[in-house]
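Student: The numbering of the first sequence is our numbering, which starts it at 28 and goes up by one.
All the given hints hold, so there is nothing to weed out.
Using 25 Å as the maximum straight-line C-alpha spacing, the simulated DSS-like pairs for lysine-lysine come out as follows: (1) K32 <-> K240; (2) K215 <-> K313; (3) K326 <-> K260; (4) K108 <-> K243; (5) K317 <-> K256; (6) K32 <-> K243; (7) K61 <-> K88; (8) K276 <-> K256; (9) K32 <-> K61; (10) K338 <-> K274; (11) K276 <-> K97; (12) K318 <-> K295; (13) K276 <-> K353; (14) K243 <-> K100; (15) K81 <-> K199; (16) K260 <-> K313; (17) K260 <-> K276; (18) K383 <-> K276; (19) K62 <-> K295; (20) K260 <-> K80; (21) K353 <-> K274; (22) K326 <-> K313; (23) K487 <-> K410; (24) K410 <-> K422; (25) K240 <-> K149.
Simulated DEER-style distance windows between Cβ atoms: (26) E441 <-> N323: 41 to 47 Å; (27) G140 <-> K313: 29 to 35 Å; (28) K402 <-> K260: 47 to 53 Å; (29) E436 <-> G477: 15 to 21 Å; (30) P294 <-> D486: 55 to 61 Å; (31) R336 <-> V391: 26 to 32 Å; (32) I177 <-> E305: 20 to 26 Å.
These aren't lab readings, by the way, just hints derived from the structure by calculation. By construction, the Cβ of each residue, glycine as well, lies at the ideal position given by its N, Cα and C atoms.
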Amino acid sequence: MRHSKVVVRFAPSPTGFLHLGGARTALFNYLFAKKNNGQFILRIEDTDLVRSKKEFEQDIKDSLEWLGLKWDKIFYQSQRKEIYRKFLEQLLEEGKAFYCNHQKRAADDGFSGPHFCSLRDKCGEKPRFNDRFIIRFKTPRGRDIVFNDIIRGRITVNTETLGDFAIARSLKEPLYNFAAMIDDWQMKISHIIRGEDHISNTPKQILLYEAFKVEKLPLYAHLPLILGKDYSKMSKRHGDTALHIYKQKGFLPEAIINFLVFLGWNPKNDREIFSLQELEREFILKDVQKKGAIFNLDKLLWFNRNYIRKKNLEELIDLTRESFVKEYGSKFDLAFLARVIEIERERANTIVDIVKNSHYLFRVPHYSRDLLLWKEMDFNDVKRALLYAKELINKLSNTESDNRDKLKEVFLREAGIFDGDRGRLLWPLRVALSGLKTSASPFEIVYVLGKDESLSRIDKALAILIT
RNA sequence: GCCCCCAUCGUCUAGCGGUCUAGGACACAUGGUUCUCAACCAUGAAACCCGGGUUCGACUCCCGGUAGGGGCACCA
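Please build the complete structure, drawing on both the sequences and the hints.
Tutor: Laid out in structure tokens, this is it:
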């Protein structure tokens with residue numbers, strides 16, 4: 028089988044931050060390109076001067092880079108005005124497009140639907156300069172436009188439902204359907220992979236290809252949308268949609284990628300964890316689902332936990348160091364930080380959790396003395412336990428207190444003598460050290476805090492007991 | 001209103017006419033492990049939208065309903 032070169036594009040308009048849906052569209056394009064040794068183009072569709080913002084463009088590029096989706100080329104529609112103008116003039120000259128000065132159609136009170144303009148047959152006529160004219164495509168009437176969607180199969184749309192759609196405000200201001208088609212054509216895009224919300228644009232763009240007598244049309248694949256919990260198109264009211272928010276909340280790009288690709292695609296076996304590199308090999312476009320998928324935060328968190336566990340300590344330090352400094356100041360050394368992360372990573376869903384949950388390791392905790400009580404213990408029991416713990420820690424050699432496994436072994440063994448209920452030693456000790464109902468184990472905390480700080484916190488606990 | 005798309009556990013999904021007493025993952029429940037939390041292990045509850053066909057046989061094919069989604073701009 029002969030294949031011409033695969034070229035795909037992700038074509039966002041910089042009118043908002045890159046959101047999850049856009050990220051997934053970009054991902055599928057990227058994966059398809061990689062899988063087929065093709066090219067992945069990023070095309071910034073900034074023809075709408077009013078709504079397009081530099082800030083959003085930057086956010087899109089930053090987010091894509093963060094995810095690791097590198098583009099091979101980048102284009103800006105705002106820099107291609109001359110190209111659009113040339114083709115617009117051609118269409119006008121050939122009588123395939125016409126000027127129209129009809130008012131914007133009201134969409135508020137009941138749709139009148141697409142329409143065919145009464146001016147469509149007066150093609151050659153130049154507008155008088157004091158009228159406001161736009162350029163419409165002269166849509167052929169009563170024809171079925173058929174295309175074969177890679178994931179949906181045959182889709183048929185009759186041109187009667189299209190009407191004479193607008194293709195430009197003026198020769199200098201092309202509109203979406205026109206600019207996108209010209210670019211897809213000129214950039215030799217082989218596969219157009221985009222959201223389901225573009226299905227209705229596809230026949231319009233096909234009509235334009237035909238108008239220019241283009242022989243080889245791109246293939247289309249329309250992705251299902253990401254839905255909110257109530258099944259409607261995901262939007263702000265379903266929670267965060269902008270990708271940078273997820274970065275900020277401590278999600279790893281690996282987790283986002285893995286999660287996003289599984290919203291609609293799977294390898295048809297039980298495996299769920301895939302790196303981007305693995306996906307580049309495994310991804311099969313036609314296997315993507317037709318049905319929209321609901322965004323499920325729990326599953327994302329599960330992926331994220333997975334990838335946090337896969338990270339080595341150095342990587343996690345790099346990822347969190349800045350946040351730690353911001354949160355707790357810079358008065359700690361790297362060795363200490365490494366230990367903090369080592370014990371807190373196990374409980375973290377996000378890398379922000381690692382930072383936030385280790386508060387008690389940086390600050391001396393405050394708590395009420397009742398928290399020190401384990402089951403039927405009274406304060407005398409607590410006191411005995413804490414004094415015993417003090418003794419234990421004092422006896423610890425430096426090599427012992429620096430060894431996580433050794434500490435665990437010692438504490439677990441010693442705790443065993445407390446009437447067979449280790450909680451009688453470990454609970455009060457853990458609370459004395461952490462001030463928390465839930466935290467890492469006391470021996471892990473000793474490992475992080477060291478002997479001196481641990482002893483000092485136990486003394487504080489003993490002091491609370493007396494008051 | 002018109003057009004298009006779509007339909008398996010709560011969610012993401014496997015299934016491509018008999019192997020389905022419908023499999024996995026997340027979430028949930030119970031038990032185990034355990035100083036707490038997390039993790040881990042075991043177990044459990046949980047689905048083929050409805051109605052017609054086709055067929056010896058339909059979750060799987062066809063048609064029709066219904067539900068859901070998307071689109072219908074001088075936005076992209």
